[in-house]
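**Student:** Below are the chains, spelled out letter by letter.
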Amino acid sequence: MKILIAVTEVAEVEDDFEIDGLAVADQYLDYDLNEWDDYAIEAGVQLQEVGEEVEVVSVTVGPERSEETIRMGLAKGVDRAIRVWDDALEGEGQLGVETKADILAAVAEDEDPDLVLTGVQSNDDAFGATGVSLADEIGFEWAAVVNDLDLEPGDDVASVHRELEGGVEELTDVELPAVLTIQTGINEPRYASLRGIRQAQSKEIAPKDLADIGLDASVTESPITLTQLYEPETESDATVFEGSPDEEADQLADLLRDKGVVEG
Amino acid sequence: MTVLAIAEHRRGDLRDVSFELATAGRELADATDGDLHLAVIGGAVEEFADRLDREGVDVVHTIDEGEEFNHDVYTQAVAALYDEVEPDTLLMPNSVNGLDYAPAVANRLSLPLVTDAIDIESDGVLSVTREKYGSKVETVVEVDANRAAVTVRPGEWPPAEGTNGAEIQEFDAEIDESTVHSTVTGFQEVGGGDVDISEADVLVSVGRGIEEEENIALVEALADTLDATLSSSRPIVDNGWLPKNRQVGQSGKVVTPDVYIAIGISGAVQHVAGMKGAETIVAINTDPNAPIYDLADYGVVDDLFDVVPALIEAFGGEPPEV
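Protein chains in written order, with our numbering: chain S, 13 to 276; chain B, 25 to 346.
Honestly, the hints are just simulated from the structure, not real lab data.
Covered stretches of chain S (in silico footprint by chain B; criterion: 3 or more residues with CB under 8 Å from a CB of chain B, positions within the stretch not fixed): (1) 141-154; (2) 195-203.
Capping the alpha-carbon separation at 30 Å, the derived lysine-lysine pairs in BS3-like fashion look like this: (3) B:268 - S:271; (4) S:215 - S:14; (5) S:14 - S:220; (6) S:271 - B:300; (7) B:268 - B:300.
By construction, the Cβ of each residue, glycine as well, lies at the ideal position given by its N, Cα and C atoms.
Start from the sequences and build out the full structure, keeping to the hints where you can.
**Tutor:** Here you go:
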């Protein structure tokens, strides 16, 4: 069985930041493994631990910088990684859903996995659409927002729970091959062990450009253009208590007494 | 501009986002004096169609396929109806189920897709406003295409009301059952347990700012002092620090207490969806720009590890060491 996991490096913005044109200025960005993908990696590695001959491969669309993030997955048990980048993708900023799905589809068609796992969304762009778009592109079945997975390597059907709104889960059987988008909380992502981190150094990260996967620069063409990026105007009309923590606590305590939360 | 919007229902009832989509769709159609078509797929379609006949809706299409949501069916049905109606813009809910079929529909129809819209405008070119970096910035994207698909964030538009005498049309989507490869086998309520946070008058709610599991004891002590109920945002439950029945938010419980004290909670949209109905909201968070302050009535912009112990002491309690 082969499992392909789409892993994204995301940018997180510090509390205080400045905007430079149509982007947050780079010095206010920290790069990290996408939170949802961490759970997808764990789901893949757990399947690998259950079954014999399960290969787990990660794929990332990202510049060389993202290799640090990719190695986190390798240190947690991913067998090998593919990193796709190309001059044509430089400066694109936000890649559209279609572009990402096309690139991942080309890799998936090359790797021929039985199962593809992705995070539900990335915590920077939060489009939440790549996994399902990819599934349709490659003709796989899919399930979005999976927070429970019952699958043994070799099974033809995955039984999943999809986390709906309002504390309700949908129970669904999905025929393989399939793409599952993984929700946080489905498992407990492991920390990379020192041994894992050492082993990750010798695992393969195969760099590929668009030509390597049979695509060209036209894959980046998109009718969607970013035209504005700005800090939203604060709508806060909250009464803010001020002073030392003790003074703030006293004011808050008075409020809670006034509201009848605490008597006296 | 012709707009086609897809309603959502679950377990026999239309979801609120269906009526919000009608409002968003009408605004967009108005920009070019166009028509608004709504569609409802599966379930009690005729009854749903009557309820979807709200102000501004020109046509409601009913597609009588199955009882509940199935993305294989929805994808085929929406794509088929799209070919029939030929709308300029296709609107779908940015719900869990919406995100389970909208990307497939867009891919199948080669439509540019923009998700999680909080505003949509058109002056010939479609402009969609959405958030990025966990609500820290807003972006506007323009879609330079004649046709597009957009998913709409629930709760951003008021629900359409009244009635309009919309035309109700049955549509036969001719679903190819051989391409349906997923089966919904049931639903399950989660949470349970002995505490129902939706019944609480006062909630002390803890978020990611608490940093470590052992620090939960601090917030628990405050809840005890105030005789309040302890709840949390999603990351606390994901980490296994509190059970699922304590989670407030879109995928957890919707709560409406008299007082909601949000401690170390930034106010992500999914959390806000669960607690914005609280009568009085108090936030304790070091970041004055955190979205929770857009909603809060009272705020303490300071370190919770200083403020919460002081608050416990203000009521004569003794804070635990953390």
